[in-house]
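K.L.:
I would like the entire structure built from these sequences, with the hints used as guidance.
So the numbering used here is basically just the index in the sequence shown, starting at one, shifted up by 1.
Honestly, I wouldn't trust all of these hints.
Each computed SDA-like pair below joins lysine to any residue, with the alpha-carbon atoms no more than 25 Å apart [said to hold, decoys possible]: (1) 189 <-> 249; (2) 29 <-> 48; (3) 189 <-> 87; (4) 87 <-> 118; (5) 215 <-> 29.
Because the hints were derived from the structure by calculation, they are not lab data.
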Amino acid sequence: MKKIRWCGILQRIAFAYLVVALMEIFTKKKQTRELPPGWLSIYKLYSSQWLMGACILVIYLAVIYGTYVPHWQFTVNDRDSPDYGKVFTVECAVRGKLDPPCNAVGFIDREILGINHMYQHPAWKRSEACTENSPYEGPFRTSAPSWCKAPFEPEGILSSISAVLSTIVGVHFGHVLVYMRGHAARLKHWIVMGFALLILGLVLHFTHAIPLNKQLYTFSYVCVTSGAAALVFSSIYALVDIWGWKCVFQPLAWIGMNAMLVYVMAAEGIFAGFINGWYYNDPHNTLRSSSGAWLQAFSIA
Numbered sequence: 002m003k004k005i006r007w008c009g010i011l012q013r014i015a016f017a018y019l020v021v022a023l024m025e026i027f028t029k030k031k032q033t034r035e036l037p038p039g040w041l042s043i044y045k046l047y048s049s050q051w052l053m054g055a056c057i058l059v060i061y062l063a064v065i066y067g068t069y070v071p072h073w074q075f076t077v078n079d080r081d082s083p084d085y086g087k088v089f090t091v092e093c094a095v096r097g098k099l100d101p102p103c104n105a106v107g108f109i110d111r112e113i114l115g116i117n118h119m120y121q122h123p124a125w126k127r128s129e130a131c132t133e134n135s136p137y138e139g140p141f142r143t144s145a146p147s148w149c150k151a152p153f154e155p156e157g158i159l160s161s162i163s164a165v166l167s168t169i170v171g172v173h174f175g176h177v178l179v180y181m182r183g184h185a186a187r188l189k190h191w192i193v194m195g196f197a198l199l200i201l202g203l204v205l206h207f208t209h210a211i212p213l214n215k216q217l218y219t220f221s222y223v224c225v226t227s228g229a230a231a232l233v234f235s236s237i238y239a240l241v242d243i244w245g246w247k248c249v250f251q252p253l254a255w256i257g258m259n260a261m262l263v264y265v266m267a268a269e270g271i272f273a274g275f276i277n278g279w280y281y282n283d284p285h286n287t288l289r290s291s292s293g294a295w296l297q298a299f300s301i302a
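P.N.:
Below you can see the structure in the form of structure tokens.
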């Protein structure tokens, strides 16, 4: 219990679903069976939900850019590390930074969750500052900063609050499906909103206003992923519901109906173990390695 990790992907999904489900329940009385005319009518119908989303965004931005992050310490708990048991100090004393060691997301998780209850192998350990094998895992550089060895919670408190915004957008796509009757109206709404979110997120990133960052679940990341999801969803909707390609995409329906099973099998390495368990002549000649070699040969040719 001293080092149990409290947060995780499923916990984040549960939290976001709970918040949005409560919003949906408490705004149910304001819903109507028929959508009033006007392109913005569906937004007006759920204006309270969008107002709540705006409040969440303001709180997230205010905390992530306004929180003062002091110097902090951590102890290396990796028994395989030559620095096991050593105490390191990370110097910050800054405000509004989004870099790995001194962001408000990590600070809040360390203060509330406790540093021993955070993820011990964050993605930042694969960054160029930490290892020469970046973007893959590998030994740390001799000049690697101390924060490379520190834990970080990618599904922490503040980033999970931001993840609620993605769920609000997803529920809005469902509202469109319920209230808009025609295929053309649905697709037009999804595609326009998808491109708008995608462009907004990319502009925020490339202007360095709010960089894309999954670990911090920044607003630009919310926009890009939500926009891309809208466009992919629109494409599948057109292929399946309009053109009738249901048989081709039936495997996706099976995955959706067994999402938890698929997630557990992927997260626990069951899929990888099954695929790598089939080999020819040598354990290294697996389906995975062979397919990689075929793709490389095809790309060279």
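K.L.:
Each hint: holds or not?
P.N.:
Hints versus structure:
For the proposed pair residue 189 and residue 249, the alpha carbon gap of about 24 Å is at most 25 Å, so the pair holds. For the hint pairing residue 29 with residue 48, the CA-to-CA distance comes to about 12 Å; that is within 25 Å, so the pair holds. Restraint check for residue 189 and residue 87: the C-alpha separation of about 57 Å exceeds 25 Å, so the hint is violated. Between the alpha carbons of residue 87 and residue 118 the distance comes to roughly 18 Å, so the proposed pair stays at or under 25 Å and holds.
Straight-line distance between C-alpha atoms of residue 215 and residue 29 comes to about 32 Å, which puts the hinted pair past the 25 Å bound.
Of the numbered hints given earlier, the model fails hints 3, 5; all others are met.
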